[in-house]
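Participant: Residues 123 to 563 (my numbering) are what the sequence shown spells out, left to right.
If you're looking for bench data, these hints aren't it; they were derived computationally from the structure. Careful: at least some of the hints might be erroneous.
Okay, derived cross-link-like pairs now, SDA-like style, lysine to any residue, Cα gap no bigger than 20 Å in a straight line [to be verified]:
1) Lys-261 - His-192
2) Lys-388 - Glu-200
3) Lys-421 - Lys-388
4) Lys-479 - Arg-459
5) Lys-512 - Ser-535
6) Lys-538 - Glu-494
7) Lys-211 - Gly-131
8) Lys-512 - Lys-479
9) Lys-442 - Asp-424
10) Lys-298 - Thr-219
11) Lys-388 - Thr-219
12) Lys-479 - Asn-444
Every value quoted in this text rests on a predicted model; they were computed, and no experiment measured them.
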Amino acid sequence: MNIAVVGTGYVGLVTGVSLSEIGHTVTCIDINEAKITKMRQGISPIYEPGLSELMLKNIEENRLFFTTDHTKGFNNAEAIYIAVGTPEKDDGSADLTYVEEVAINIATQIRRDTVVVTKSTVPVGTNHKIKDILNRNLKNDVKVNVVSNPEFLKEGSAIHDSFNGDRIVIGADNEKAGDVVEQINTPFEVPVFRTDIKSAEMIKYASNAFLATKISFINEISNICDRLNANVEDVASGMGMDKRIGSEFLNAGIGYGGSCFPKDTKALIQIAGNVHYDFELLKGVVNVNQKQQCLLIDKLLDRIPNLKGKRIAVLGLAFKPNTDDMREAASIVVTKRLIDEGAEVIGYDPIAMENAKSYLRHEMVYAKTIEEALENSDATLILTEWEDIKNIKLNLFNTMNYPLVIDGRNCFSLEKMRGQKVEYHSVGRPSIHYNREKLNI
């Protein structure tokens, strides 16, 4: 099938490449000429394992194309995917400016009956607004239908998720349009769940809000474990054995970040407010997450009350491993707070450092290696559980002025750390004290 995908951000590019891999002819459209030029060469603008390889393969097999020309992109397209950004407004609601602009573009340029598929995360009721915009602006005698097809990709494993998803949600008020989208997705061999448009829109928000709730819940449990000298990992394992609960998203840490959970939780609170419902539980989830990002600073200040002039290593800047995404990353809050406290901050990330520079505009030093970051540091904070950080040779911590490690992702086992000359604090687990006195470094 001929498919156009408007928007080559994270969702749009992964969607377009994956659809080409299952045999469709896909044209990805973006207004950024420089970006399009690079993608035509198979160069992905985002870091996602396996994505560049699939881009090159499908470009070479003439199934994947890139253009800035909407007319060219829409030519012969039987389905057009909307995958543009819906950034957060100041009040937490989703900004639909780009979605509406795409809808007008589609309406004025299509010359055949078309199914418009919304991949962008949009508030409940948006797809009906899209259809109204399309019908008001149609220039040719064609029929257009709208289908909600939300994405459930995890950054860092998006390619795998595309071909091994739990379900494909299709929300359609027109059965034939829903059939078209189901046919498009059949080669993925992933279970399809069909419903109405509004329910499909809500499934996306409800899913992300529930997962965010699970994360904030286990983080609250971890904070209690800290005070009781219990081990949150054992608690989470015991909880996760209950099939009603499950073990996923029960990893205590310094909270969630990225482009989805923070934005979608706030948007759902706003959606609820629009129908005069106070979503108190989700407000609590958001508040817990915001506090959790500062947990490591509190632990650090407990050991070094005055950070002025102290050299603090920060390992991991991206919001999670296997991505260069810095959106809502804990490192943004943590490094700013450290610098406000007068510390000299040296950061390391295997992938995200260039991207980090546009988010971490305050003064900090970037290390080329973990070794460089650790050497002569007065403390180390671990913010992202990259494999090369989890696999650090632990004797490297002895190159620090004092081996104080505060681990926000529980990267190391307590058994392993007890055998090291390291003072080690983690999240929701007993601390390992190398020197119990307040530090006077």
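Participant: For each hint, tell me whether it holds in the structure or not.
Facilitator: Going down the list of hints, with the structure as the test:
{"no.": "1", "hint": "Lys-261 - His-192", "result": "holds (15 Å)"}
{"no.": "2", "hint": "Lys-388 - Glu-200", "result": "violated (35 Å)"}
{"no.": "3", "hint": "Lys-421 - Lys-388", "result": "violated (28 Å)"}
{"no.": "4", "hint": "Lys-479 - Arg-459", "result": "holds (16 Å)"}
{"no.": "5", "hint": "Lys-512 - Ser-535", "result": "holds (10 Å)"}
{"no.": "6", "hint": "Lys-538 - Glu-494", "result": "violated (23 Å)"}
{"no.": "7", "hint": "Lys-211 - Gly-131", "result": "holds (19 Å)"}
{"no.": "8", "hint": "Lys-512 - Lys-479", "result": "violated (24 Å)"}
{"no.": "9", "hint": "Lys-442 - Asp-424", "result": "violated (26 Å)"}
{"no.": "10", "hint": "Lys-298 - Thr-219", "result": "violated (28 Å)"}
{"no.": "11", "hint": "Lys-388 - Thr-219", "result": "holds (18 Å)"}
{"no.": "12", "hint": "Lys-479 - Asn-444", "result": "holds (18 Å)"}
Violated hints for the displayed structure, listed by number in ascending order: 2, 3, 6, 8, 9 and 10.
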